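Chains as they are written, first to last, in numbering that gives the first Met the number 0: chain A, 0 to 267; chain B, 0 to 97.
Bear in mind the hints are in silico, worked out from the structure with no lab data behind them. Since we're looking at a predicted model, the values are computed, not measured. For glycine and all other residues, C-beta sits at the position ideal for the given N, C-alpha and C. Be a bit skeptical, because a hint or two may be false.
Footprint (simulated), chain A over chain B, 3 or more residues, beta carbon under 8 Å [unchecked claim]:
1. 1-10
2. 19-32
3. 39-45
4. 75-88
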Amino acid sequence: MYIDPHVHMVSRTTDDYQRMALAGCVAITEPAFWAGYDRSTTQGFHDYFRMLTDFEPRRAAQFGILHHTWLCINPKESEDVGLAREVLSIIPSFLECQTVLGIGEIGLNKNSRNEMTVLEEHIALAMKHRLLILVHTPHLEDKLKGTHLIMDALRNQGADPGRVLIDHVEEHTVRAVLDRGFWAGMTLYPDTKCTPQRAADIFEMHGTDRLWINSAGDWGVSDPLAVPKCQDELRRRGHLLETIRKVSYDNPRTFLSQSGRFSAPERA
Amino acid sequence: MGTPLTKQAVADLYFLEHRAKVLDLAAFLDRFDRASEPGGTDFRVQALTAALGLVLDGQPDRARRVLELWSDRSTEPIERAPMKGALGAMPIDAKDRR
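Working from the sequences, and respecting the hints, build out all of it.
Dropping the structure here:
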């Protein structure tokens, strides 16, 4: 049994939902992200948000999986600040949807000034509506710098770190994120983020409090079954079932339940 | 929470997997050397070989220190994103001045 709190199902097939259900997936949350190309209009985002709030929950429900979502314009599309502001202006019209948990995945990509501007406006929107925040941290060589810029921006705007999940942490960022009171997510990717083995190492070195795992499965090389594979890695090392359950079910449930909308049961 | 495994168990579980990864790395560097442009190099390959010093130094937190070696260590936002993607490492002599 597990929750995958970060997976981009719009990019995956219905067969993936079926395989995830068979592997014990109870619930997922799907952040808005970059489609692999820049959307050219606000209407394009409007349609994407309809997909996230209408179509995907129904598709997941066919397999008994709860589907919740997060809305934003991804940092990869933040260089066009004008378009970003238009997209931000339509998000409030979707906030009454009971499956919307918050604003995400916001953050930085190349750590540019325009990305910072759009990040700050997303944080302000989340705080105005008292929403949870799911943060994307940059890739590879940009992650260390971007993670610190993001945490500083959140602090400067007065965001409660207990209501912010900073995702894609690795060995060089996890300690700082946890020490500043944020929740942290480890993304299990075959090549470019954490492997299940390294995620298990990080649990062993940094503990299991305020830390979760996710697949971030999307249109690239990724694995929607990465969470159960990490469960298996922890089991293989002899960790207790209670520990495995904490990092793959209880922790995401605890964080996400702060939204008042996340409906996965305490004991599935 | 620590690891429940003994050193023997860690070696039993993971040795063959990492033996293969070392061979992959060795073969990659051989392939790079055999490629055209004799004597040419690439900053990413330089960063990779520089990391091997950390891997072999016998000190803890190797993964963290390798990731830090490959990271942009500047602290101010850049003016404009030059691209969407990332390359995986900074030029070793330019890590602090992007």
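Against which earlier hints does the structure fall short, listed by number upward? The structure breaks hints 2 and 3; every other hint is satisfied.
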